[in-house]
Amino acid sequence: QKEVEQNSGPLSVPEGAIASLNCTYSDRVSQSFFWYRQYSGKSPELIMSIYSNGDKEDGRFTAQLNKASQYVSLLIRDSQPSDSATYLCAVNRPGGSYIPTFGRGTSLIVHP
Amino acid sequence: DVKVTQSSRYLVKRTGEKVFLECVQDMDHENMFWYRQDPGLGLRLIYFSYDVKMKEKGDIPEGYSVSREKKERFSLILESASTNQTSMYLCASSERGNEQFFGPGTRLTVL
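Just so you know, the protein sequences line up as chains A and B, in that order. Our numbering runs 268 ahead of the 1-based position in the first sequence. Our numbering runs 16 ahead of the 1-based position in the second sequence.
Check the hints yourself; a few may be wrong.
To give a feel for the contact side, a few chain B residues facing chain A, derived at Cβ under 10 Å [what the hints assert, rightly or not]:
#, residue
1, G32
2, F36
3, G56
4, L57
5, G58
6, P77
7, G79
8, Y80
9, S91
10, T102
11, L106
12, A108
13, E111
14, N114
15, F117
The following residues of chain B were derived to be distant from chain A, with all beta-carbon distances above 12 Å [as the list claims (entries may be wrong)]:
#, residue
16, T31
17, K34
18, E46
19, Q53
20, L59
21, R60
22, L61
23, D75
24, K87
25, E95
26, S110
27, R112
28, E115
29, Q116
30, R123
31, T125
Rather than coming from a laboratory, the hints here were simulated on the basis of the structure. Just so we're clear, the structure is a prediction, and the values are computed from it rather than from any experiment. Even for Gly, the Cβ is constructed at its ideal location relative to N, Cα and C.
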């Protein structure tokens, strides 16, 4: 069973701080990695995708991928209360169908 | 913008009823997915389809079936609804290997 693991949290950070969300995965051949944000009562929406080792930055968000250690992380700089949500890590396997495996999500709370 | 729509936001059905949940996407995506999401259990894949009339079971297909007669439309069918199928149902679509786009979800309650 291929797994994607996340700490369920909640992770609580003060406004303006850096929030660090982590995800580990078990399938070494995974090639595509995604972070989704899900507000309470809403559906997930994509924040970042990353495909190669290293960092990828988009505004206040940075995704970091380390395939050797099989982890992917999401950093949120200058955290805002509006960032309070559940963050889902998803990992695709290569193959004909590209089925993603989702982690159970980390709840982030940014308090003023 | 990619748009994925689902036929209902809220649905209340009785035990034993046949339930149809419909999903439509407007971006010509090949892949479509049905998930259910329950507190503490995360997103669980029910079925997915990678082409018209093609379907594969996900992690929890029991009690469900699907239909994909047109590329843009993917239906989830509960043949005989049971109370343990009360959940949030999410449809998603994607191009191969790329990110998924989710519909708004259908909260189904089976009484």
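- Item | Hint numbers contradicted by this structure | Violated: hints 1, 2, 6, 7, 8, 9, 10, 18, 19, 20, 21, 22, 23, 26, 27, 28, 29 and 30.
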